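Chains as they are written, first to last, in the numbering used here: chain A, -18 to 230; chain B, 8 to 278.
It is worth saying that the hints were derived from the structure and are not from the lab.
Keep in mind that a hint or two might mislead.
[Said to hold, decoys possible] In silico contact screen, one side only, chain A against chain B (beta carbon under 7 Å); selected entries:
id: 1; residue: R(-16)
id: 2; residue: R77
id: 3; residue: I228
id: 4; residue: E229
[As the list claims (entries may be wrong)] Label pairs and their calculated CB-CB ranges:
id: 5; chain 1: A; residue 1: L216; chain 2: B; residue 2: K124; range: 53 to 59 Å
id: 6; chain 1: B; residue 1: G44; chain 2: A; residue 2: G9; range: 55 to 61 Å
id: 7; chain 1: B; residue 1: D123; chain 2: A; residue 2: M149; range: 30 to 36 Å
id: 8; chain 1: A; residue 1: I12; chain 2: B; residue 2: D123; range: 49 to 55 Å
[To be verified] Below, a list of computed lysine to any residue pairs in the SDA-like style, where the Cα atoms sit at most 25 Å apart:
id: 9; chain 1: B; residue 1: K128; chain 2: A; residue 2: K227
id: 10; chain 1: A; residue 1: K(-5); chain 2: B; residue 2: E105
id: 11; chain 1: B; residue 1: K193; chain 2: B; residue 2: G152
id: 12; chain 1: B; residue 1: K128; chain 2: A; residue 2: Y(-13)
id: 13; chain 1: A; residue 1: K227; chain 2: B; residue 2: A29
id: 14; chain 1: B; residue 1: K120; chain 2: A; residue 2: W(-10)
id: 15; chain 1: A; residue 1: K227; chain 2: B; residue 2: K120
It should be emphasised that the depicted structure is a prediction, and the values quoted were computed from it without experimental measurement.
For glycine and all other residues, C-beta sits at the position ideal for the given N, C-alpha and C.
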Amino acid sequence: MIRTIYILWLRQLKRYVRSRSRMIGSLGQPILFLLALGYGFGPVFQKAGQGNYLEFLAPGVIAMTILFTAIFSGIEIIWDKQFGFLKETLVAPVSRLNIMIGRTLGGASVATIQGIIVFFISIAAGFRPTSLAFLPVALLITVLTALLFTAMGTAIASLLEDMQGFQMIMNFLVMPIFFLSGALFPLAGLPGSIFIAASVNPLTYGVDGLRGALGGQMHFGFGSDLAVLTGVTALFLVIGSYLFSKIEI
Amino acid sequence: MHQKDRTDNYSIDVRNLTKKFADFTAVDNISFSVKRGETFAFLGPNGAGKTTTIKMLTTLLRPTTGTMQVNGFDPMTNQDAVRRSFGIVFQDPSLDDELTAYENMEFHGVLYKVPDKILKKKIEEMLNFVELWDRKNDIVKHFSGGMKRRLEIARGLLHTPEVLFMDEPTIGLDPQTRNSIWKYLKNLNSTAGITVFFTTHYMDEAERVADRVAIIDHGKIVAEGTPEELKEKTGAKSLEDAFLSLTGKKIREEESGSIDEMRMNRKMWSK
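Chain B on its own, in the form it takes in the complex (with noise of 0.2 Å):
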C-alpha cells in the first residue's frame, strides 16, 4: 500500500542509487524524489553526477547498487514501459542532421509507435508548438542551435510523455531562445501537468522555473529544497550563491576525455 501510494504521487523515485565506473564512484548513494508535475532542476558541477543519473534514470545505463523508480516501473526490469513513458533531451544533440524536421519528427513517431492516424496531427500540433511548422521541410543541417533545441523538445514531448527529461537544454543559447524555451516548459506543465527533470548550469533559470531543486557533488545529493528552502538555509540571496556556498568556490579541474575531443572534432567537420 505504501509502494503504491509512493508510485501515484512520485514521477521519480530513487533509493540509495550508486553506480562506479572502475575505481571512480559516479554517483554515491543517492535518493530523491520528483512529484508528479513538478519541475525540478538537479544542478551540481562539471563532473558531479548528473549526466549519469539521467543515463540511469533512462534506461541507458546500468546501476551499480540502488532501486529507480519512473512512472512506477523500474528501468532496470521494465525497460519498455519506462522508455515509453518519458521523454528526453540531451546533452549533445541528436537529430539526424542530414533529415528535414518533418522526417525527424515521423521517425520518432514511428519508433514509439505512435499510431499513423494521430501521427500526422501530433507532428503539426508540436511543431507549432515550438514554432518550427512553417520550417518543416527543411534540412535540419541548416538549423540554428536555438532551432535544432526547440526541434528536440518537440520530438521529445511527441509520444506524450509523462516526463520530460533535459540535460542542460538552454546551454550556448542566446536569451531570447532560452526565455523561449522555458515558456514552453512552463506552459506545457501547467496545461499538461507533465513533470519536467532538468539540469543546468544557469542557477537563475533553475531559481525562476523549478519548483524543487537538487543540489549534487561529487556524486553525492548536498540539498534539497525549494530555491527558497536553499536559500534560507545557507543565508545566501540568491540560488547561485546558495550554490556556491554549498559546493564551493573551487573551480572543478575536470579532466578531458576522448568525449571532449570528439566533440570539439565534431564541430571542425561539421563546418
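Isolated chain A (complex conformation) (with noise of 0.2 Å):
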C-alpha cells in the first residue's frame, strides 16, 4: 500500500520536475501580482495609514500560488480520464483510495513547493517576515492549505466528463475564493456581505494563518485558522475520495 502510494507521489514530483516551462510559467503570475500591485497599490495603502503593502501582500500571493497550483494538479484527472494514465491505474488491482492518496499527496507537495519558491521569491522583491520562529506554522498552514485544494480539485473533476466546464470553474470558483480571501486586501471594515463571503471561504483562513506567521496581522488567530483549515482538508478528503471512487471511465 505505501509502495503504491509512495510511486503515484513520485510521479507527481517528476512530472512537476520535468516540466521547466509550466513551472516557469506558473510563477510568472504570483511575480506580476508582487511588483504591479505590490508596489502600485503601496502608496495608497500607505497613505491610508495600513502600512506597507508588500508586507501585507506576500502571504496573499504565496497562498494564491499554493490555490491555483493544487487545484490545477486535481482538475488534471480529468486530462488523465480519457487520456492517459488514470486508466492505467483505475485498472490496476489497487484500490482507489490508495490512487487518490497518492495523488493528493503528490499534487500537494507540487504547490507546497510552489509555495516556498513564491515565498523566497517575494523576498527578494522586499518582503521581509517579521519573526523566523514562525516559518514551522507557516509550513503547517501551506502544507494544509495545499492539501484541502487538490482534494478539490480532485473531487471537481471526478465530477467533471471532460474540459468544457473549466472555464466555469475558474471564473465561478477559483477566481472568486481567490479575491474574495483576503489576500489583496484587510477583512477588517469589509461591508458585511464581502465579509460573511470571505468567512466561509477556507482560503481566507490559509491566508490570515500564512500572514500571520510571517508579517503579524491577522483576523481570526491560528487557532480558528488551523481549526477551520485542518476540519475542511478532511471534508474534501473524505468528499474527493467518494468521487474519485465513482468515476466510470
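Starting from the two chains in their separate frames, assemble the complex, guided by the hints.
Have a look at this one:
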C-alpha cells in the first residue's frame, strides 16, 4: 500500500521537476502580482495608514500560488481520465482510495514547493517576514492549504466529463475563492456581505494563518485558522475520495 | 461441475450482457466466450459497442444486466482478481509522456505488486521483447506512435497476465509496425499461451491473426466463428466482404462527442 502511494507521489514530483516551462510559467503570475500590485497600491495603502502593502500582500500571493497549483493538479484528472494515465491506474489491482491518496499527496507536495519558491521570490522583491520563529507554522498552513485545494480539485474533476466546464470553474469558483480571501485587502472594515463571503471561504483562513506566521497582522488567530483548515481539508479528502471512487470511464 | 468446466476451458465467458446509457443501449444482450489461448477478434463498425464491452470486461464500467467471467472471476464482485489476470492496451494512449520508458514500466510493476527482485529482470525481458530496451531511459514524449504502442504492449504483459485486451492496437500505425506488433503477439500466444482479445478496423489483420471472430453491430452480435466460417456463411471472398455483407455498407454517422473534441485538443496541445 505504502509503495503504491509512494510511486504515485513520486510520479507527480517527477512530472513537476521535468516540465520546467510549466513551472516557470506558473511563477509568472505571482511575480506580476507582487510587482504590479505590491508597488502599484503601496503608496495608497501607506496613505490609508495600513503600513507597507508588500508586507501585507506577499502572504496572499503565496496563498494564491498554492491555491492555483493545487486546484490544477486536481483538475488534471479530467485529462487523465480520457487519455492517459488514470485509465492505467484504474484497471490496476489497487484500491481507488490509495490512488486518490497518492495523487493528492503528490499534488499537494508540488503546491507546497511552489508556495515556498514564491516565498523566496517575495523576499527578493523586498518582503521581510517579521519573525523566523513562526516559519514552521507557515509551512504547516501551506501544507494544509495545499492538501485542501488538491482534494477539492480532485472532487471537481471526478464530477466533470471533459474540459468544457473548466472555464466555468475558473470564473465561478477559483477566482472568487482567491479574490474573496483577503489575499489582496484587509478583512477589517469590509461591507457585511463581502465579509460573510470571506468567512465561509476556506482560503481566507490559509491567508490569515500565513500572514500571521510571516507578518504578524491576523484577523482570526492561529487557533481558528488551523481548526478550520484541518476540518475542511478532512472534509474534502472524504468527499474527493468518495467521488473519485465513483469515476467510470 | 458444468460451471467449473467452463472456467477451465474459457478465459472469457459473457452471458446476456447489456449496458444502457440513459436512453441508449450500447450493448444489447450479447453472449460469447473465448477459449483459453485463443486469439479472438471483436469486430464492428464505429459505435457498435466494442469499447463498451471491453470496459465492462476490464472492470471500468458496470453492466446494466448480464453476467461475465474473466479467467474464472467475476469483474463485478471480484475486481482485483480480474485486474491481476489481464493486461490491456487502450484505444487512446495511456502512457505517462513525461516519464521514461523504464519508469512507465516500473510504475506498472509496483501497482501490480510484481516483487522487487523479479521486477528489474522482467522489465528488461519485456522491453527486449518489443525491442525498446536500448531506449529505456528516453522520455516517452519523444517516442513515435509505433514505439508508444510497443511500450504499452510490453507494459500490459509485465505482470504475466492470462489475457491481453487490445482496443484497436494498430490504429494509425505504418504497415511495418503493425506487422511487428502482430509478430510479437503471435509469438506470445504460441509460447506463453496467452489469450488475446482485440478489436480492429483492419479486416485483413483479423483474418490473418484471429482464431475466431465475433462481429458486433448496434450492440448485438450478428455473427461468430472462424474467419473461414464467416466467409462460407456469407459466400464472401474475404473477411472484409463478409463483414460488409453482415453489417451493411451504410456509413455510420457517429455523433462527435466531447471525447473526440478532447482527442483533437490534446493533439494540438501536445505539439
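Hints, verified against the model:
1. The closest approach between the C-beta of R(-16) (chain A) and any C-beta of chain B is roughly 6 Å, which is under the 7 Å cut-off, so the hint is satisfied.
2. Nearest Cβ of chain B to the Cβ of R77 (chain A): about 10 Å, over the 7 Å cut. The hint is violated.
3. With 7 Å as the threshold, the beta carbon of I228 (chain A) stays out of range of chain B, its nearest partner Cβ sitting at about 9 Å, so the hint is violated.
4. Interface restraint check for E229 (chain A): the shortest CB-CB distance to chain B comes to about 6 Å, inside 7 Å, so the restraint holds.
5. For the hinted restraint 53 to 59 Å between L216 (chain A) and K124 (chain B), the CB-CB distance of approximately 42 Å leaves it violated.
6. About 57 Å separates the C-beta atoms of G44 (chain B) and G9 (chain A), a value consistent with the hinted range of 55 to 61 Å.
7. About 45 Å separates the C-beta atoms of D123 (chain B) and M149 (chain A), a value inconsistent with the hinted range of 30 to 36 Å.
8. Checked against the hint of 49 to 55 Å, the pair I12 (chain A) and D123 (chain B) fails, with Cβ atoms roughly 44 Å apart.
9. A distance of roughly 36 Å separates the Cα atoms of K128 (chain B) and K227 (chain A); the hinted pair therefore is violated under the 25 Å criterion.
10. With a C-alpha separation of about 8 Å, the suggested pairing of K(-5) (chain A) with E105 (chain B) holds against the 25 Å cut-off.
11. Taken as a hint, the K193 (chain B) and G152 (chain B) pair is honoured in the structure, with Cα atoms around 21 Å apart against an allowance of 25 Å.
12. Proposed proximity of K128 (chain B) and Y(-13) (chain A) is supported: the alpha carbons are some 22 Å apart, at most 25 Å.
13. Distance restraint check for K227 (chain A) and A29 (chain B): the Cα-Cα separation of roughly 17 Å lies within the 25 Å cut-off, and the hinted pair is therefore satisfied.
14. A threshold of 25 Å between alpha carbons decides the hint, and for K120 (chain B) with W(-10) (chain A) the separation of about 16 Å falls inside it, so the pair holds.
15. About 24 Å separates the Cα atoms of K227 (chain A) and K120 (chain B), which keeps this hinted pair within 25 Å; it holds.
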